[in-house]
Amino acid sequence: MTVAPRTDIGLTSDSIVWTRRHLLALQDLTPQEIVAVLDTARALKEVSTRSIKKVPALRGKVVVNLFFEDSTRTRTSFRLSAQRMSADIVDFSVSTSSVSKGETLRDTARNLEAMGIDAIVIRHRSSGAAETLSRLVQCSVINAGDGSHEHPTQGLLDLFTIREIFQAQGRKIADLHVAIVGDVAHSRVARSNLWALTKLGARVTLVGPTTLCPNQFADLGVAVSHDLDSVLPHVDVINLLRVQFERLTSAAFPSLREYNRFFGMDEARLQKCRPDVLILHPGPMNRGLEISTPVADGPRSAILHQVTNGLAVRMAVLYLCIGASGDNARGPQNTATVHSEESTRL
Amino acid sequence: MRILLSASEISALIANLAQQILSDPDIAATTPERLAIVGIRRRGELIAQRLSTIITGQLRQPVALGALDITMYRDDVIGKRPITIPIGTQMNFRLDDRVVILVDDVLFTGRSVRAALDALVDFGRPRLIRLAVLIERSGREYPVAANFVGRRVNIPPQNIVQVRLRPTDADDAVYIDEIAAAVPPPAAAPPASGVAP
Chain A
1 MTVAPRTDIG
11 LTSDSIVWTR
21 RHLLALQDLT
31 PQEIVAVLDT
41 ARALKEVSTR
51 SIKKVPALRG
61 KVVVNLFFED
71 STRTRTSFRL
81 SAQRMSADIV
91 DFSVSTSSVS
101 KGETLRDTAR
111 NLEAMGIDAI
121 VIRHRSSGAA
131 ETLSRLVQCS
141 VINAGDGSHE
151 HPTQGLLDLF
161 TIREIFQAQG
171 RKIADLHVAI
181 VGDVAHSRVA
191 RSNLWALTKL
201 GARVTLVGPT
211 TLCPNQFADL
221 GVAVSHDLDS
231 VLPHVDVINL
241 LRVQFERLTS
251 AAFPSLREYN
261 RFFGMDEARL
271 QKCRPDVLIL
281 HPGPMNRGLE
291 ISTPVADGPR
301 SAILHQVTNG
311 LAVRMAVLYL
321 CIGASGDNAR
331 GPQNTATVHS
341 EESTRL
Chain B
1 MRILLSASEI
11 SALIANLAQQ
21 ILSDPDIAAT
31 TPERLAIVGI
41 RRRGELIAQR
51 LSTIITGQLR
61 QPVALGALDI
71 TMYRDDVIGK
81 RPITIPIGTQ
91 MNFRLDDRVV
101 ILVDDVLFTG
111 RSVRAALDAL
121 VDFGRPRLIR
131 LAVLIERSGR
141 EYPVAANFVG
151 RRVNIPPQNI
161 VQVRLRPTDA
171 DDAVYIDEIA
181 AAVPPPAAAP
191 PASGVAP
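Residue numbers (this note's numbering), protein chains in the order written: chain A, 1 to 346; chain B, 1 to 197.
Any given hint could be a false lead.
BS3-like cross-link-like pairs, simulated, lysine-lysine; straight-line CA separation at most 27 Å [to be verified]:
id: 1; chain 1: A; residue 1: K199; chain 2: A; residue 2: K53
id: 2; chain 1: A; residue 1: K45; chain 2: B; residue 2: K80
id: 3; chain 1: A; residue 1: K53; chain 2: B; residue 2: K80
id: 4; chain 1: B; residue 1: K80; chain 2: A; residue 2: K54
id: 5; chain 1: A; residue 1: K272; chain 2: A; residue 2: K45
id: 6; chain 1: A; residue 1: K172; chain 2: A; residue 2: K272
id: 7; chain 1: A; residue 1: K172; chain 2: A; residue 2: K199
Now the stretches of chain B that chain A is said to cover, found in silico as 3 or more residues with beta-carbon under 8 Å [claimed, not checked]:
id: 8; stretch: 13-27
id: 9; stretch: 159-166
Rather than coming from a laboratory, the hints here were simulated on the basis of the structure. In this text the structure is predicted, and so the values were computed from the model without any measurement. Glycine residues also receive a C-beta, built at the ideal position from the N, C-alpha and C atoms.
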């Protein structure tokens with residue numbers, strides 16, 4: 001029983017220093033910081049296998065789920081993650097809040113903060129909303145998806161899943177070729193994946209119709225293809241993006257049937273892939289559109305592993321961000337507390 | 001930095017710890033399958049592995065071996081910069097009704113052991129827990145005492161005891177770092193740093 005080596009990109013997280021209070025975008029993180037999150041998540045994954053699925057690290061901390069967009073998986077995952085770290089969590093959704101009465105993001109956030117909270121998990125339809133919020137408040141801000149910008153915890157959990165499965169075969173992320181398929185242009189998942197994967201040295205090919213996967217992405221150091229079938233034999237991982245009907249403003253492709261014909265992952269296409277290919281999907285799936293049911297539920301699919309790993313990754317992110325911010329949250333109760341060197345040393 | 005224990009002294013002390021453990025009446029009265037040796041990561045884990053080899057050899061029956069990461073149970077982890085990156089706990093068995101031998105490298109303030117006791121009971125309700133440490137130094141802040149001790153040392157609280165064990169370190173040795181006497185040491189070093197408080 002020895003400590004598993006941390007050999008990705010030749011780094012050990014022993015030498016890694018995490019000091020970030022916010023997680024806003026994977027574009028901001030160093031490769032070392034990404035490895036720090038992945039290593040922390042690996043350590044915390046075991047907690048969810050215990051009969052007592054809880055550790056006391058974030059006891060007394062308060063996390064607010066501030067969701068301006070619909071979400072089942074991410075919101076529940078953050079909720080459970082906070083609870084497994086012993087934090088208290090408040091769900092705040094747009095339909096039941098004063099936001100529907102016209103309150104601004106700034107006022108909502110500052111009011112929440114005045115109640116003495118330690119972190120806000122925000123999902124918003126506007127790109128940059130999480131970063132804006134981080135300038136308005138003293139507590140930690142964790143981006144749970146902002147417009148088509150980034151969804152950092154999804155990017156991290158995809159990376160965690162890829163690393164876990166390929167590390168068991170003795171392979172590193174830097175040796176892998178990953179295809180991200182579908183509506184790349186509107187996808188925050190694609191952007192977070194792109195940054196995380198390229199920072200750890202993976203080869204990335206973006207695949208989709210020209211309208212949804214423009215060639216300009218090649219400027220980011222990745223390959224762009226509009227022909228899925230020619231890419232399939234060369235990749236180790238295929239991350240299938242959801243067709244986001246809510247973000248498609250004009251007819252990006254002629255019909256769903258045509259999309260499925262050119263970019264839908266089915267058993268015939270799986271036959272063209274390497275036998276050990278890994279299929280990922282961030283969910284929720286449009287079964288029969290971007291992914292067929294036999295592929296989604298088949299042996300190459302790691303979709304439910306992604307959901308399980310999402311918990312460990314979000315536990316890690318909450319621990320690192322709240323842990324690094326310490327008692328920085330300046331709610332009314334906190335300002336009355338004197339933080340001497342002595343008290344923080346306890 | 002001066003050397004406190006050499007490699008041969010460490011292995012002699014671990015062998016002696018194993019004999020102390022096996023001579024304990026409660027442990028001697030327990031069947032091997034109800035015993036568990038649990039090391040606090042990381043240096044305590046390495047000592048636990050070595051104890052397990054000796055004890056398994058003498059009992060001629062395998063004894064459950066676990067490794068405990070106490071990062072999430074420490075009272076100084078939040079707000080500490082840099083924040084400690086945990087390694088994870090490996091406990092592939094329940095502790096209900098077991099006799100647990102908890103192992104650490106250095107007993108100093110007692111805070112690591114306090115955290116470890118909290119962590120242990122999340123895996124069940126042990127019948128009893130005994131504490132074995134390679135080095136016991138003065139400076140307890142919590143009411144914790146070891147049942148089995150390799151070496152007792154009395155050194156100033158500012159000094160740092162550094163335990164180095166293979167394979168995590170290049171060699172087996174225990175050093176006392178007196179250079180640190182001028183600056184106050186961190187209240188509690190993280191278990192992953194290899195510098196026991």
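Right, here's what the structure says about each hint:
1. Proposed proximity of K199(A) and K53(A) is contradicted: the alpha carbons are some 32 Å apart, above 27 Å.
2. Annotation: proposed proximity of K45(A) to K80(B) holds, straight-line Cα distance about 22 Å (limit 27 Å).
3. Our distance criterion of 27 Å between C-alpha atoms is met by K53(A) and K80(B), whose separation comes to about 24 Å.
4. Between K80(B) and K54(A), the direct Cα distance comes to roughly 21 Å. Compliance with the 27 Å bound is thereby established for this hinted pair.
5. A threshold of 27 Å between alpha carbons decides the hint, and for K272(A) with K45(A) the separation of about 33 Å lies outside it, so the pair is violated.
6. Proposed proximity of K172(A) and K272(A) is supported: the alpha carbons are some 23 Å apart, at most 27 Å.
7. In summary, the hint linking K172(A) to K199(A) is supported, as the alpha carbons are separated by about 13 Å, within the 27 Å threshold.
8. Counting residues of the stretch 13-27 of chain B whose C-beta sits closer than 8 Å to any C-beta of chain A gives 0, which falls short of three, so the coverage hint is violated.
9. Only residues whose C-beta sits within less than 8 Å of a C-beta in chain A count toward coverage, and the stretch 159-166 of chain B has 0 of them, not enough to reach three; the restraint is violated.
Checked against the numbered hints listed earlier, the structure breaks hints 1, 5, 8 and 9; every other hint is satisfied.
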